[in-house]
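Chemist: Line order of the protein sequences matches chains A and B.
Using the numbering used here, the first residue of the first sequence is number 1, and each one after it goes up by one.
Using the numbering used here, the first residue of the second sequence is number 287, and each one after it goes up by one.
Honestly, the hints are just simulated from the structure, not real lab data.
Among the clues, some could well be false.
[To be verified] Think about it this way: if two alpha-carbon atoms lie no more than 27 Å apart in a straight line, the pair counts; the simulated DSSO-like pairs of lysine-lysine are:
(1) A:LYS225 to A:LYS246
(2) A:LYS246 to B:LYS647
(3) B:LYS647 to B:LYS849
(4) A:LYS225 to B:LYS647
(5) B:LYS810 to B:LYS755
(6) B:LYS590 to B:LYS554
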Amino acid sequence: MTERPRGLLLAGVGGQGVLLASMIVADALLSAGHDVKQSEVHGMAQRGGSVFSHIRWGPRVDSPLVPLGSAEVLAAFEWAEAIRWVSYVREGGAVVADVRTIVPPGACSDRRSWSTEFPGIDPEVFISRRLKTRPIDAAATALGLGNVRVANSVVLGSVASFLDIDQIHWEAAIGRLVPAGTEEVNLAAFRAGRLVADAEVPGVSHYRGAYAGPHEIAIRHDWCKGCDICSRICPEYCLGLDLNGKLTVLNPEACTGCRLCVLLCPDFAISITAPAAPVLSGTRGE
Amino acid sequence: MVTIVEPSVLLSGNEAVAQGAVEAGVLVAVGYPGTPSTEILESIADRDDIDVRWSPNEKVALDVGLGASLGGVRALVTMKHVGLNVASDTLMTAAYTGVGAGLVIVTADDPGMHSSQNEQDNRAYARMAGVPLLEPSDSSEAKEYTAIAFAISEEFDTPVLVRTTTRVSHNRGIVSVGPRSEVPGKGFVRDPAKYVMIPGHARTRRPILLERLERLTEYSDSTSLTVESGRDSEFGVITSGIAHHYVREVLPEAHILKLGMSYPIPMKRIGAFADSVDRLFVVEELDPHLEDAIRAAGIAVEGKDLFPQVGELSPDSVHHGFARAGILPSRAEPEPSPPTVARPPLLCPGCPHTPPFLALKRLGAVVTGDIGCYTLAALEPLAAMDTCIAMGSSIGMAVGMAASGGADGPVVATIGDSTFLHGGIPGLVDAVYSQANIAVLILDNGTVAMTGGQEHPGTGVTLQGSETKAVDLVALCRALGVADIRVIDPYDIAATSIALEAAVSYPGPAVVITNRPCVEAPVKIRDRPYHVISEACTACQACMALGCPSIVWTDETYEGRRKVRIDPLTCTGCTVCVQMCPPFAILRLPDVEEPNGD
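One chain only, chain A, in its complex shape (with noise of 0.2 Å):
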């Protein structure tokens, strides 16, 4: 039977440079005499979207897709990102997660709990899987070296501490596909990445809100002559006008109780009353 091709996966948000770091693995794999297939999904992922790359190699490689549970290596440039792909890893394999996180806005949407439900930089979810586990700091091994820019190549250096590819390929294929004038500050990068520390888990908010119940919202009709103000400004689209110019509230749950509407009206037709348990502060989990 001839040797399976080995597998990895290059994760991150869009446009954090996955595309060129793969590109870079995967020139260093075809100098070092693989066969080498990469492949990776680009276009509208590239807007913020969730970006991964599979590259495979060896004497012969037939799918540029590396099956569920194969990879030797998970990289990737975003902690929830490294946790999403964390199933292609193999057991025994490893990960090497960027600390580093980008909330999209969309997890900021929970107006009741106002809880991101964004995962926790807890090592443990895979240390759990008995994966060997490198959580970096990125930024912090690119900004001593004095660019920020190059933490994607301290990443790329701590992937080649796992993978027995000779330093020379990887460095070669650096200085071929990095941004012209950055080759020093990018193999500075990647020789700091081979040796980067596990990073020390910085906190994680588990801010979660009490919910108390909607606020209500009282409306004097007599008052109101329709001027609209508070239905554009109100955030959660809670008020609009009706057939008859008067105002009505269309979504009370929605109402947060940031009294914007009270604030602006110009007669003073709105009030809010909180509920009976106001949610003054929340907590914070460990």
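Chain A is already provided as a structure; the job is to place chain B on it using the hints.
Modeler: Positioned in the frame of chain A, the structure of chain B alone reads:
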């Protein structure tokens, strides 16, 4: 033939298609941007020995390609799968006329809909038009097949389709790069009976098309593009394209018949192959194109009952199918990834599309959308788009929506500059013709943004970088007969809202055109970032209604609501959130260092 050692390089499938065309001596290469096809033309745009150009749409591109072919030079036409719908009108009759010099049309399909509105299987077009279709499975074949496609086109006097998929187009693999061959132009040979498809001529071409298909079927049955591999065994697998590699991945020793030409289908080869095995499987992505034909030929076959018809195949789904068939042992599914945060694509920080959609949401408009970055305004928190179907559909659909009387608010069509030039103009003509009571918002950001920032006829620059005449959108709309036209700065929220309100109040078709460039292309626009003064933030969430990726919650709260902060590394300084902030908590600090922008 002299054998020379050709350099091996890593090329994407798209680059390899272009390289194949270069080596085949292509002289005109033309297309319309569309993921996953875009990089084919971009990768050869700097060559001065090839005329490489963007067309306003795929039909014009195929018309240009066909014209060049009749003019005697080899021509390459590129598009994504849905682009071939637009170009299909020309394709159906180009199959009758045949070609002058070689004409190769690349259709890049998108199984899984990574960046598309559907996942149609364009192999069906080959059968409908009666033209041959080649299906490369990786970069190496993408180069080789493209060159062969030119030869087939000339030998059989037919346009040839080359169908890639996202996993071929955006896969990098090793390719041997050869020299360019010079194929000089032959000139145009007048032949009205062949090229003027009036009914009398077309009736004579139709039998020629059918006779050509018979010869192409013989070719398909004998070509080395069809490859048999593996040992004789109790079962055999017929496959094509990327699926071939998944089959080899899970069954490295299996007896496989791999079709490089999947139309006309080599039924004799398939029949002989079927006779040599006890059980026959077809593994193909998307539709049962091969399976249906094989079954129709009376051959027992298993396929879509085992392998999904929806989305991309993968080594895992192919393994699963063969496990269900009893060929492979079932495999324990690896432990799934833990739940994590959803991360859909977003409008960029500073995107000029954001404020107009916020204004449309405030207006309670019924918004017919179109194909482009702005389609992302359909997602929360903007959630301000009600339809998205096909390139240019927004305006005609708005006309129909207004005619239905069923809209519960003003009807507004939203369309990007390139999409308007691609397929929106006839819709606007209809809006004028029918005096439809709609507003049309043309989001002119001066580029084809979603595909990575390509030039188009409105930008004044060609694909190969030379300056040209730019289409004047205002003059164009006026010439079509639109009486109410407003040009606005979308970063000015008040002006944008007022203009859109006036446009929907106007009785008849009104046009609003935005004038801010894309923040990512052709140049990255980065002004000094803004900052939230946390003490002043009342956590009202007004800025969060924008869905700007630069604005996120902090752990500080006000009355239990979470305050916000702005990421200085991604903020473009567009000022839109500043205008949204009731307590004036967002300021541009003079002493704040600019992010290192080299």
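Chemist: It remains to establish, for every hint, whether it holds in the given structure.
Modeler: Quick rundown of the hints versus the structure:
no.: 1; hint: A:LYS225 to A:LYS246; result: 7 Å, holds
no.: 2; hint: A:LYS246 to B:LYS647; result: 19 Å, holds
no.: 3; hint: B:LYS647 to B:LYS849; result: 24 Å, holds
no.: 4; hint: A:LYS225 to B:LYS647; result: 23 Å, holds
no.: 5; hint: B:LYS810 to B:LYS755; result: 24 Å, holds
no.: 6; hint: B:LYS590 to B:LYS554; result: 22 Å, holds
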